[in-house]
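Colleague: Start from the sequences, fold in the hints, and give me the full structure.
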Amino acid sequence: MSAREATLAAIRQNRPAGDHPLPVVPRFTPLVGDDLVEEFGERLKRMGGRVSGGPDPLAGVRERLDAATVIASAVPEVAGNRDLSAVQRPQEVDDVDVAVVRAVFGVAETGSVLFTEGELVVNAVAYLAQHLIVLLDPADILPNIQAAYLRPEFGRSAYAVLHTGPSATADIEGVLIHGAQGVRSLTVVLLPRQA
Amino acid sequence: MSAEDVRPTDGEPTIHPEVRPPSDEGERGQDGRRLQHAEAASRPIAAPKVREKQPRGAKIRGDRPIDQAEAAERFLAAPLHQAAHDERLWDLRKKRDTAAHGIPEWEELREIASSIKAHTLSNLDRYLEQFEAAAKANGVHVHWAADGADHNRIVLGILRDHGAKTLVKSKSMLTEECGFRHHMAANGIEIIETDLGERIQQLDNEEPSHIVAPAVHKTRMDVAEVFARTLGTDPENDDAHYLAESQRETTRPYILNADAGMTGCNFAIAETGTVVTCTNEGNADLSGNVPKLQIHSIGIEKLIPRIEHLGVFIRLLSRSALGSPITQYTSHFRGPRAGTEMHMVLVDNGRSARLGMEEFWTSLKCIRCGACMNTCPVYRRSGGLSYGATYSGPIGLIIDPTFNKRKYSTLPFSSTMNGSCTNVCPVKINIHEQIFAWRKVLAEEHQIPLLKQGMMKAAGAVLSRPAAYRAAIGTADSALKVLPRFAVYNPLNTWGKKREMPETPKQSFHAWYKQNRMGKEAGK
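Residue numbers (full-length UniProt numbering), protein chains in the order written: chain L, 1 to 195; chain D, 1 to 524.
Only true hints are included.
According to the in silico footprint, chain D covers these stretches of chain L (three or more CB under 8 Å from chain D):
id, region
1, 39-52
2, 150-163
Here are the simulated distance ranges between beta carbons:
id, chain 1, residue 1, chain 2, residue 2, range
3, D, H162, L, L22, 36 to 42 Å
4, D, D63, L, D83, 56 to 62 Å
5, L, D66, D, N187, 48 to 54 Å
6, L, E63, D, E105, 41 to 47 Å
7, L, E77, D, E105, 34 to 40 Å
8, D, R51, L, E5, 54 to 60 Å
9, D, R229, L, A195, 57 to 63 Å
Bear in mind the hints are in silico, worked out from the structure with no lab data behind them. Just so it is clear, CB atoms sit at the ideal spot from N, CA and C, and this is done for glycine as well.
Modeller: Following this line, the structure appears as structure tokens:
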């Protein structure tokens, strides 16, 4: 008998007694207030992320972009000098200083942003770059995680990922360190999508 | 941006301009506040600058019963390590309470999560077939492994098919359970752990001591010693930033050049064939997105029916583990990237058999958050390695004997039966009741060594120790109602020996009691 058949047979043989129906998950009231942009920003900052808003939201990341040698931009709003669509192997983006991508949506409850392979173009750039700049349309902020998991992206993307702040570790004596393996900083720029 | 947030420029030289100097430890947020996300401690826990040899774990002697008490003894004999360990984990437990209390529906979420798991486990055959079909439709190669050896053989086969010699992996308790790393090393495959804590443990030839924070039992000086010996860092520099950055810089080339990448799995979604991983470092995403070949090892109990159920489990996992609302990265791997290959290995390794154990099958609901370990007074004072098993702490006590009844026969006695583990469990596993049930099973099967049998007479000794007695009846209030006296008192003597109840348990009791009472009220 193959391992597959053996495992399935054992499961059928050992099925726990009793009735265990699948519960219906109620729609919980979001824990955030009505100002989703404010709530999102506050929670993202607590998770180590940065937020740039106001009338010229890109001003908050200008310094970061000016200091960068290699910029990989997947958005029309920011000019880069590394064409992600021309990348053959993910290892090629190891020298990227700043990557700029647009989030599918944000989540106010946690301060998270979602990307799929469509937004990232090269998935690895969101981790191999030193810094990540994320454009997020304030209209794309969902109230909570429960609402996020009702979105269709999870069922149709090969890769979908929620980022909540930068790469972090506190594996040494609880000392919080950003840039454990992935990006050292994550800044969300609140910029509406271009019409 | 506040003045506090501006990094000092005249400080010590750092190895990367982005790395914080030792004089300003701990990341700050955009508004200058100290941050506490991920596994961060809420205040510095730095062990004093005194060299204290790191206590090592239990002595493994084949199948002979692990002497957890002996290893715990040695851990307690290293007061700096013991104190830092205790404080660090208790801090995580307190943060978990704060996070849980911040959600009015917390108890309802636990109940729903527990029911979803019960439902999935009692229909696991159907959900595994659904998962397999969905994954195959996504272009994924699906494999089934009967046990750990089978898993290792399958993965080795995949690697050999691709001529792969190096593999970067992110933290996975399942692969620890399978002895994967050791097996691969013996077959000429180089395995590089990419989680910082796990990498520290790998370089020091130790197993992970905690399922979420693998190196939590080490001080920064221990890490400095390990890195100096293995990575060539400055042995005198025990700055956590320097050490973490050194690890980042030395691991990056492995990530870029690895032939294959591997991750474990926090949740596997039956309807979509998705593997979900939750990490803070982003190392699972590097392992899954850089090499051309990616492998995901999945314990069959990780299945949940639908994506929407993540809306329950993701809300519980990191809050229970760390007190954070979510991990930095929640990653959903569903199909291969263009031009790459993706494999998923469904591993049984005793799980289908455990399903048939009437008193113990619900232990399969575990989502590996570590909350039961953080709250356990025995675990916090003895260290995860004292258990001599892949899974330590309360959840380990009820899982380990299913792997080897003789070797782990003593572990269910490493508990005070205070029930705190059950109270914090996000999927409501009745951990302390199962610990007691294991004692009965092991006694009936004569697996309890003479050493422990002698303890049966020890109740009198405990009762003559007022401090220990008060602590026992205080924390064990609920357990005392349902358990015979010997079961409650006997183990206390084992691990209570030479261990007067210090300040922390009192504090922990009050916090536990408050939480427990509140939980009960919320449940009404």
